[in-house]
Amino acid sequence: MSLRLLPMPFAVWKVVAALAEVLPSAPLTRNQVDLMREDNVTWAGVPGLGELSIKPMDIDQSIRMIGRAK
0 MSLRLLPMPF
10 AVWKVVAALA
20 EVLPSAPLTR
30 NQVDLMREDN
40 VTWAGVPGLG
50 ELSIKPMDID
60 QSIRMIGRAK
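Last residue of the sequence shown? That's 69 in numbering that gives the first Met the number 0, and every number before it is there in order.
It is worth saying that the hints were derived from the structure and are not from the lab.
Be careful, since some hints might not be right.
Said to hold, decoys possible - Listed next, with one range per pair, are the computed distances between beta-carbon atoms:
hint: 1; residue 1: Leu18; residue 2: Asp57; range: 31 to 39 Å
hint: 2; residue 1: Arg63; residue 2: Val21; range: 20 to 28 Å
hint: 3; residue 1: Met0; residue 2: Val45; range: 37 to 45 Å
hint: 4; residue 1: Gly44; residue 2: Met0; range: 38 to 46 Å
hint: 5; residue 1: Arg3; residue 2: Pro26; range: 15 to 23 Å
hint: 6; residue 1: Gly49; residue 2: Met0; range: 44 to 52 Å
hint: 7; residue 1: Val40; residue 2: Glu20; range: 21 to 29 Å
hint: 8; residue 1: Met0; residue 2: Thr41; range: 34 to 42 Å
hint: 9; residue 1: Ile58; residue 2: Asp33; range: 32 to 40 Å
hint: 10; residue 1: Ser61; residue 2: Gln31; range: 15 to 23 Å
hint: 11; residue 1: Glu50; residue 2: Val11; range: 39 to 47 Å
hint: 12; residue 1: Val15; residue 2: Gly44; range: 30 to 38 Å
hint: 13; residue 1: Ala68; residue 2: Val45; range: 20 to 28 Å
hint: 14; residue 1: Ala43; residue 2: Ala17; range: 34 to 42 Å
From the three backbone atoms N, C-alpha and C, an ideal C-beta is built for every residue, glycine too.
Can you build the whole structure from these sequences, using the hints too?
Shown next, in the form of structure tokens:
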């Protein structure tokens, strides 16, 4: 059986998250849904990264780095 991904409106996610918040360890919160609405991924050349000594890297590099840290 394969998993099918379906688009879901944020309003539905908000309801699901509100219901999930009553669980002892909520798998999803309304705040997380709010964060998903905002694009928080940057790219090389964005002003400010160099000034903060942050070197942008792609997701593959990030995953390898995290894997080595364990």
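For this session: Just tell me: holds or violated, for the beta carbon distance of Ala43 and Ala17 against 34 to 42 Å?
Result: The hint (34 to 42 Å, Cβ to Cβ) holds, given that Ala43 and Ala17 are roughly 38 Å apart.
For this session: Could you tell me whether the CB distance from Met0 to Val45 stays inside 37 to 45 Å?
Result: holds (42 Å)
For this session: Check the following: the C-beta atoms of Ala68 and Val45 are separated by a distance inside 20 to 28 Å.
Result: holds (25 Å)
Problem set entry | Distance restraint hint 20 to 28 Å, applied to the beta-carbon atoms of Arg63 and Val21 | violated (38 Å)
Problem set entry | Beta-carbon spacing of Met0 to Thr41 - inside the hinted bounds 34 to 42 Å or not | holds (37 Å)
Exercise. Is it true that Val40 and Glu20 lie within 21 to 29 Å of each other by Cβ?
Worked result: holds (26 Å)
Exercise. In this structure, is the beta-carbon distance linking Arg3 and Pro26 contained in 15 to 23 Å?
Worked result: holds (20 Å)
Problem set entry | Distance restraint hint 32 to 40 Å, applied to the beta-carbon atoms of Ile58 and Asp33 | violated (23 Å)
Exercise. Taking the CB of Val15 and the CB of Gly44, does the distance hold inside 30 to 38 Å?
Worked result: holds (37 Å)
For this session: Could you see if the CB distance from Glu50 to Val11 stays within 39 to 47 Å?
Result: Cβ of Glu50 to Cβ of Val11: about 40 Å, so the range 39 to 47 Å holds.
Exercise. Would you say the C-beta atoms of Ser61 and Gln31 sit inside 15 to 23 Å of each other?
Worked result: Because 20 Å falls inside the window, the suggested range holds.
Exercise. Within 31 to 39 Å or not, the Cβ separation of Leu18 and Asp57?
Worked result: holds (36 Å)
Comparing the model with each earlier hint shows violations of hints 2, 9; every other hint is respected.
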